[in-house]
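Novice: Residue numbers (our numbering), protein chains in the order written: chain A, 142 to 573; chain B, 34 to 302.
Note that these hints are calculated values from the structure, not bench results.
Please read all numbers here as calculations on a predicted model, not as lab measurements.
Do not take every clue at face value.
Pairwise CB distance ranges (calculated) [claimed, not checked]:
#1 B/W178 - A/S259: 52 to 62 angstroms
#2 A/V342 - B/T72: 28 to 38 angstroms
#3 B/S272 - A/T293: 17 to 27 angstroms
#4 A/W470 - B/V69: 21 to 31 angstroms
#5 B/Q73 - A/R233: 52 to 62 angstroms
#6 A/A451 - B/T72: 29 to 39 angstroms
#7 A/R200 - B/A279: 11 to 21 angstroms
#8 B/V267 - A/V428: 54 to 64 angstroms
#9 A/W470 - B/L51: 21 to 31 angstroms
#10 B/W290 - A/E195: 39 to 49 angstroms
What the simulated footprint calls covered on chain A by chain B, stretch by stretch (three residues with Cβ under 8 angstroms from a Cβ of chain B suffice, anywhere in the stretch; the number is not a length) [to be verified]:
#11 232-244
#12 459-468
#13 508-519
Beta carbons: idealized from backbone N, C-alpha and C, even for Gly.
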Amino acid sequence: MRRWLTGGLLLLAGAWMGLAPHIAWAGFGLHVDGVARAWLLLGCLALAALAWAEQLNRRTLLALLPWTLAVCALDLRLVAFGAAITSALLGRSWLQRCAGWLQAGVWLWLGWQAHAWSWSAPTLGAFLTSWHVFVLMISAAFGLGLLPLGRTPCAPAPLLALLMLLPLFRIYAVGPINWGWAVAAALLGAGAALWCLWRAVDSATAAQKGEWLVLTWWATALAPVLLASEAALVASWSLALAALLALATCADHGRLAVLSAGALPPTLPFMALWLGAGAALTGGLAVLLLPLWLICVGTTLVLLTLQPSARWGTGRALLALVGGIGLPWLLERFFSTTLQQLGAGLSPFGRPLLWPWIGLSVRDAGSVTATTVPGVVLGALFMVAAAVGVLLWRWRSTPPTDTSVRLRPPTLWRLLRQRLPLVQRDRPSDDL
Amino acid sequence: MTFDAWRSAVGDAWLHLLLYPSGLALLLLGLVLMRVFATQAEVTLSPRGAWAGLVPLVVAVAGLPLPGTGEMRAPLDLLTVWLALDAPLLLALALAWRGALDQQWWLIKALTGWLVAAPLQGLVLVVLGWQTRSLTLQATLELGWPAGLVWAITLVPLLQLGPWRCELSGPWALALNMRRAGHCGVVVLWAVHQLVPRLAAWLPSRAAVIEDGRLPAALLLLGLILALWGIDRVGRSRSVLRWGRAWWLFGALLLGWLAAQTLAQFVAR
């Protein structure tokens with residue numbers, strides 16, 4: 142059943158994607174613009190991921206209507222209403238339920254100050270202050286389950302998480318924001334992502350590890366979003382895609398889970414993180430490279446160390462590979478209208494260059510290439526190398542190993558800590 | 034870009050993939066390194082997945098703009114190369130995590146070195162990004178030899194040499210030695226870029242051979258392997274903690290110097 146449902150939703154998303162450049166629908170107070178289209182696609186994929194993880198319930202279906210209202214409505218009062226109802230329905234903790242109300246409060250406050258209730262009102266930008274951005278960022282952190290960071294994971298419902306990220310994109314259409322907020326969002330997102338990653342490493346059960354990993358991806362999506370460049374928005378949107386893929390993967394840890402939720406080149410999660418690195422580099426925040434790289438390696442290692450289930454997860458692995466290699470097409474087909482729409486509020490520091498037959502690169506304001514991944518070429522070369530590898534690799538003398546005696550993870554960590562400078566507390570044991 | 038661009042990018046690259054610098058050349062170098070760094074106490078890991086780890090490694094080495102390879106239509110950046118080079122190690126670590134006691138001990142040793150090297154390399158990336166605003170291989174070469182030197186000293190813990198030494202046997206040994214060769218290739222690339230113009234100015238009669246770059250690259254690779262072998266021999270019986278502290282201190286000093294240089298250039302601008 143879930144496969145049919147997932148397949149149907151993916152097909153719907155695909156059809157929507159194919160039609161997307163031609164649709165600009167308006168009526169009943171709704172307006173499907175570039176940002177809304179990008180979010181409707183993410184919404185379809187979120188439903189597919191939920192169906193795959195067998196978490197699609199009546200509450201989610203009930204929340205679809207207010208969610209669509211919050212994404213597509215032209216009137217700020219309708220957006221606020223949709224956000225409040227969605228978070229009340231989908232929140233898993235009281236802070237997550239509050240998050241939508243906070244967001245709604247910001248829109249109502251802004252509309253009341255500007256005496257205008259439409260997104261397209263030019264007066265809105267004049268009243269946008271740092272307080273609005275602050276509350277939107279805090280509400281996103283609450284909604285994504287990143288604040289307060291505890292020892293039990295509280296992964297957000299994907300539709301709610303998407304709704305919390307949306308205002309941080311919409312804000313560019315309203316007016317310019319202070320660069321300091323880029324640093325604040327990067328600190329909050331990267332810090333929370335590293336914490337979630339550490340909890341994923343440290344957790345005992347596979348289910349908890351999976352939930353922490355999904356949270357890691359959502360937190361990473363928050364990190365570059367306020368860098369105010371095209372590359373940053375593209376990175377954040379792709380990271381949201383990666384989070385949805387991780388949600389579908391972490392439900393049952395297939396043997397190929399590392400491809401769909403870890404970050405190995407040239408899969409979708411890696412490409413998303415790499416775009417984040419490019420945005421950080423061109424946006425003048427090179428420090429963000431370090432956490433992004435740690436997330437790259439950390440998520441891969443966590444997934445590799447999980448005891449795999451009987452499933453393979455081939456479909457999701459293929460989706461991650463095709464999504465990663467085909468990211469230039471996906472962005473050109475679907476996200477370019479969003480970038481055109483938000484372009485006025487964005488800086489030239491970081492522009493993605495899409496080569497549909499080659500791959501992706503990120504350029505800075507002086508058209509200097511900052512980072513480059515020829516994903517499509519890499520995909521072809523990987524196939525050649527894999528074919529040669531399979532032909533050559535005939536070394537199959539598997540020695541019998543006794544796996545009955547193993548170290549428990551805490552012992553393993555203790556032994557590792559003893560051998561690291563500046564971290565060790567006691568003398569290293571000599572038995573290694 | 035068009036389909037023709039894709040065809041020429043793949044067509045230009047696939048010879049690099051099979052012959053030089055990756056493919057057969059990498060395999061041979063891996064076999065040589067296997068002999069050079071061989072030890073008696075070795076751990077055996079199930080050969081499952083060893084070839085899968087090699088695929089990104091081979092492609093990454095093929096993408097390095099080493100002398101004699103010709104220009105790639107679609108260049109890689111340092112972040113991609115770095116992650117792809119470490120793919121065999123990540124897979125081996127995962128297998129060892131689920132393995133028996135001796136394999137888990139190997140895991141602890143391998144992680145010890147890797148965790149000493151990774152922060153240093155990450156910081157070099159940050160300084161590179163800060164100064165050049167670019168991580169493409171061509172741009173990173175412009176930063177000069179201090180960055181190359183920090184990257185080179187991280188090779189000792191990163192490649193599990195000296196006190197961090199730990200070896201596997203069977204297919205994984207070959208895979209990890211090919212990884213060693215790949216990481217050496219990045220440093221050689223750095224060094225060739227720095228040394229070739231100076232050597233050519235110093236030895237004008239041999240300028241053509243030097244500027245071609247292949248001979249200096251081969252000699253530098255040989256020199257690097259010999260230096261690593263020497264450090265490995267000296268450091269085998271030393272304490273992991275002391276060497277770890279020394280390495281971090283040395284790395285921090287070099288990084289501080291690099292950051293100061295960057296700042297000085299920034300102020301001068």
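Novice: Each of the hints needs a verdict: does it hold here or not?
Specialist: Quick rundown of the hints versus the structure:
| no. | hint | result |
| --- | --- | --- |
| 1 | B/W178 - A/S259: 52 to 62 angstroms | holds, 59 angstroms |
| 2 | A/V342 - B/T72: 28 to 38 angstroms | holds, 30 angstroms |
| 3 | B/S272 - A/T293: 17 to 27 angstroms | violated, 40 angstroms |
| 4 | A/W470 - B/V69: 21 to 31 angstroms | violated, 46 angstroms |
| 5 | B/Q73 - A/R233: 52 to 62 angstroms | holds, 55 angstroms |
| 6 | A/A451 - B/T72: 29 to 39 angstroms | holds, 38 angstroms |
| 7 | A/R200 - B/A279: 11 to 21 angstroms | violated, 58 angstroms |
| 8 | B/V267 - A/V428: 54 to 64 angstroms | violated, 35 angstroms |
| 9 | A/W470 - B/L51: 21 to 31 angstroms | holds, 29 angstroms |
| 10 | B/W290 - A/E195: 39 to 49 angstroms | violated, 56 angstroms |
| 11 | 232-244 | violated (count 0) |
| 12 | 459-468 | violated (count 0) |
| 13 | 508-519 | holds (count 10) |
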